[in-house]
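Engineer: What follows is the residue order along each chain.
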Amino acid sequence: MIERTPVYELMDHTADLGIRVKGKDLIDLFENGGKALLHLMVKVRSSGKPAPLKLKVAGNDLPDLMVRWLAEILYLFEGEKVIATAIKIDSLSPTGLEATLWTSPYDPRIHKIIREIKAVTYHRIEVIEKKGLWEASIIFDL
Amino acid sequence: MDIKIKEIDKNRWLIPKTGDMRVPGLIFSNRRLIREVQHDQSLVQVANVATLPGIVGYSLAMPDIHWGYGFPIGGVAAFDMEEGIVSPGGVGYDINCGCRLMTTSLKADEIRPYIKELIVSLFKNIPAGVGSKGAVHISSRDEARVALEGASWAVKNGFGQPEDLERTEDHGTLAGADPSVVSDRALKRGIDQLGTLGSGNHFLEIQVVDHVYDAVTANRFNLHEGQITVFIHSGSRGFGHQICDDFLKEMGKQNQPSDFHLPDRQLTCAPLNSDLGRRYLSAMACAANYAWANRQVLMHHTRETFLNTLGLAPASLGMRLLYDVCHNIAKKELHVVNGQESILCVHRKGATRSLPPGHPILPQIYRETGQPVLIPGDMGTYSYVLAGARGAMEHSFGSSCHGAGRVLSRSKAIKMAKGRSIYRELEDKGIYVLSRGKRTLKEEMPEAYKDVSQVVEVVHETDLATKVARLRPLGVIKG
Numbered sequence: 006m007i008e009r010t011p012v013y014e015l016m017d018h019t020a021d022l023g024i025r026v027k028g029k030d031l032i033d034l035f036e037n038g039g040k041a042l043l044h045l046m047v048k049v050r051s052s053g054k055p056a057p058l059k060l061k062v063a064g065n066d067l068p069d070l071m072v073r074w075l076a077e078i079l080y081l082f083e084g085e086k087v088i089a090t091a092i093k094i095d096s097l098s099p100t101g102l103e104a105t106l107w108t109s110p111y112d113p114r115i116h117k118i119i120r121e122i123k124a125v126t127y128h129r130i131e132v133i134e135k136k137g138l139w140e141a142s143i144i145f146d147l
Numbered sequence: 003m004d005i006k007i008k009e010i011d012k013n014r015w016l017i018p019k020t021g022d023m024r025v026p027g028l029i030f031s032n033r034r035l036i037r038e039v040q041h042d043q044s045l046v047q048v049a050n051v052a053t054l055p056g057i058v059g060y061s062l063a064m065p066d067i068h069w070g071y072g073f074p075i076g077g078v079a080a081f082d083m084e085e086g087i088v089s090p091g092g093v094g095y096d097i098n099c100g101c102r103l104m105t106t107s108l109k110a111d112e113i114r115p116y117i118k119e120l121i122v123s124l125f126k127n128i129p130a131g132v133g134s135k136g137a138v139h140i141s142s143r144d145e146a147r148v149a150l151e152g153a154s155w156a157v158k159n160g161f162g163q164p165e166d167l168e169r170t171e172d173h174g175t176l177a178g179a180d181p182s183v184v185s186d187r188a189l190k191r192g193i194d195q196l197g198t199l200g201s202g203n204h205f206l207e208i209q210v211v212d213h214v215y216d217a218v219t220a221n222r223f224n225l226h227e228g229q230i231t232v233f234i235h236s237g238s239r240g241f242g243h244q245i246c247d248d249f250l251k252e253m254g255k256q257n258q259p260s261d262f263h264l265p266d267r268q269l270t271c272a273p274l275n276s277d278l279g280r281r282y283l284s285a286m287a288c289a290a291n292y293a294w295a296n297r298q299v300l301m302h303h304t305r306e307t308f309l310n311t312l313g314l315a316p317a318s319l320g321m322r323l324l325y326d327v328c329h330n331i332a333k334k335e336l337h338v339v340n341g342q343e344s345i346l347c348v349h350r351k352g353a354t355r356s357l358p359p360g361h362p363i364l365p366q367i368y369r370e371t372g373q374p375v376l377i378p379g380d381m382g383t384y385s386y387v388l389a390g391a392r393g394a395m396e397h398s399f400g401s402s403c404h405g406a407g408r409v410l411s412r413s414k415a416i417k418m419a420k421g422r423s424i425y426r427e428l429e430d431k432g433i434y435v436l437s438r439g440k441r442t443l444k445e446e447m448p449e450a451y452k453d454v455s456q457v458v459e460v461v462h463e464t465d466l467a468t469k470v471a472r473l474r475p476l477g478v479i480k481g
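Quick mapping for you: the protein sequence lines, in order, are chains S and B. For the first sequence, the working numbering assigns the number 6 to the initial residue and increments by one for each residue that follows. For the second sequence, the working numbering assigns the number 3 to the initial residue and increments by one for each residue that follows.
Hints are not guaranteed to be accurate.
[As the list claims (entries may be wrong)] Sample of chain S residues at the chain B side, in silico, Cβ under 8 Å:
{"#": "1", "residue": "HIS18"}
{"#": "2", "residue": "LYS29"}
{"#": "3", "residue": "LYS123"}
[To be verified] According to the in silico footprint, chain S covers these stretches of chain B (three or more CB under 8 Å from chain S):
{"#": "4", "stretch": "66-74"}
{"#": "5", "stretch": "187-196"}
{"#": "6", "stretch": "263-271"}
No lab work stands behind these hints: they were computed from the structure. Note that beta-carbon positions come from the ideal geometry of N, C-alpha and C, so glycine has one too.
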């Protein structure tokens with residue numbers, strides 16, 4: 006299950022919402038990024054038995070991969086009306102990842118929406134290694 | 003990074019051309035407003051836009067400028083059709099986010115006792131907030147017609163009157179739309195959202211005309227002190243968000259013009275004279291049309307709600323569209339540059355078109371007055387109606403500001419609102435607000451925005467648009 010407070014901090018942005026996420030390695034970083042996005046959007050609770058969903062995402066480099074990965078999670082909610090209740094990255098390279106998401110259908114009676122996120126932007130996107138840890142900065146359009 | 007600016011006069015600031023900038027930056031602002039953006043990324047964003055290939059004149063910003071993503075919010079830039087580019091980040095995710103203002107025959111004194119009842123009914127009848135579904139059920143075939151025809155699809159299907167179309171920018175239909183270039187994902191997101199308000203800064207507001215500055219133009223606009231008006235702010239919903247997202251990814255860092263050093267990945271672009279550039283403009287036009295149909299449907303449901311709640315006949319309500327303007331768009335327009343007429347692709351990211359009296363594409367009803375320019379304030383203060391003025395064609399590619407502009411981040415607003423009831427504070431001011439989320443009310447509280455009257459003053463003094471009337475909110479619904 007997605008823990009209540011995933012590892013991220015808010016960055017100040019006048020119109021939108023920025024976060025800084027950390028991870029002990031790239032897999033941890035990308036998992037935390039996905040969990041942070043869900044944490045910002047919705048109070049995550051599973052409804053019924055969560056169904057596993059395999060996801061493959063390709064990107065041109067790590068920052069592009071991060072934007073595309075988070076955009077997939079956002080689309081699952083906005084387009085397919087399902088919410089990921091748990092996330093596991095199975096494999097990751099700088100240009101692609103494979104993940105398993107456990108998903109529940111969106112049910113407004115169970116899932117409390119916290120805020121609408123319109124999109125994951127490329128503005129000042131950053132994925133960097135710092136003293137053996139990985140860190141990403143991401144700005145969402147609200 | 004702080005950007006160096008020079009004061010040209012009390013309402014104009016120059017960012018001199020440095021580094022990769024192809025043109026200087028020009029910001030319409032006064033001393034008080036410019037201070038609010040001097041130390042965030044807004045001015046850097048003006049300078050970044052100035053590096054885009056084929057930019058003409060200046061990278062411009064309106065007085066409501068604030069930090070966006072890619073372009074600043076309040077940014078305007080025009081591009082040469084041969085040498086220039088189109089950038090999805092210069093239009094934004096909410097393609098054709100915009101406003102419409104309706105006038106009525108109602109007087110505030112008569113309606114005041116019914117405001118709460120009206121707001122409660124509007125809140126029930128107008129889907130708002132995250133995940134809301136529209137009251138209109140459309141098929142995939144209908145959705146493609148919406149994308150092609152815009153507001154005219156809505157009118158043909160019983161949502162409004164033919165006269166609404168001439169009172170809408172571009173008659174509510176942007177040319178060049180091609181639904182075949184829109185992704186299945188965008189179509190899927192759009193199919194159940196037609197007729198929804200959205201969340202965040204989107205709203206529907208019942209207002210009273212509080213002050214008239216220009217009696218002659220106000221009269222032509224059918225605006226009179228004490229009269230009830232209704233203001234709607236919404237856009238193209240998930241349909242537009244997905245189209246922007248799709249094309250940003252396709253344009254990508256690796257596909258940029260060879261003479262362009264990308265300063266921010268959100269500024270990826272494609273030459274206007276390329277298949278990718280043309281496809282984006284066709285998909286963007288679909289989203290623009292979706293947004294116009296959306297606001298047309300929202301207006302229809304608003305009118306029905308007023309009629310049913312107040313038990314009035316349509317003639318007694320007299321609800322008519324004054325105008326509908328978009329503020330996130332890229333459009334091919336005719337402008338005069340260095341004495342020569344040329345077609346340019348004008349990007350407006352949080353800016354409103356402002357056409358002066360006599361402009362040939364204005365409908366007959368507004369040919370003498372200039373185009374109505376609608377400027378919403380925050381929910382605790384005024385909104386303004388202005389008329390397009392000649393200075394806009396001379397200085398800003400026919401553009402004006404689009405709103406108050408945020409000054410506080412959402413997290414700062416929430417901190418500032420801690421322990422306060424924004425709902426109660428507004429009610430004490432005579433403004434009844436209903437919102438789907440408590441957080442939205444805090445994030446959108448009046449202190450989070452610039453002083454809209456200052457923003458409007460700059461626009462008025464620089465002749466981008468001139469003040470006609472001021473509107474005060476009485477009731478608001480928010481997502």
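Engineer: Now tell me if each hint is right for this structure.
Structural biologist: Status of each hint after checking the structure:
For HIS18(S), the interface hint holds, the least distance from its beta-carbon to any beta-carbon of chain B being 6 Å, beneath 8 Å. With a least beta-carbon distance of about 26 Å to chain B, the hint placing LYS29(S) at the interface is violated under the 8 Å criterion. With its C-beta approaching chain B no nearer than about 5 Å, LYS123(S) sits inside the 8 Å limit, and its interface hint holds. Given a C-beta distance limit of less than 8 Å, the hint that chain S covers the stretch 66-74 of chain B holds, as 5 residues qualify and 3 suffice.
For the stretch 187-196 of chain B, the proposed coverage by chain S is satisfied: 3 residues have a C-beta within less than 8 Å of a C-beta in that chain, meeting the threshold of three. Closer than 8 Å: that is the beta-carbon criterion, and the stretch 263-271 of chain B has 4 residues meeting it against chain S, so the requirement of 3 holds.
Consistency note: the structure conflicts with earlier hint 2 alone.
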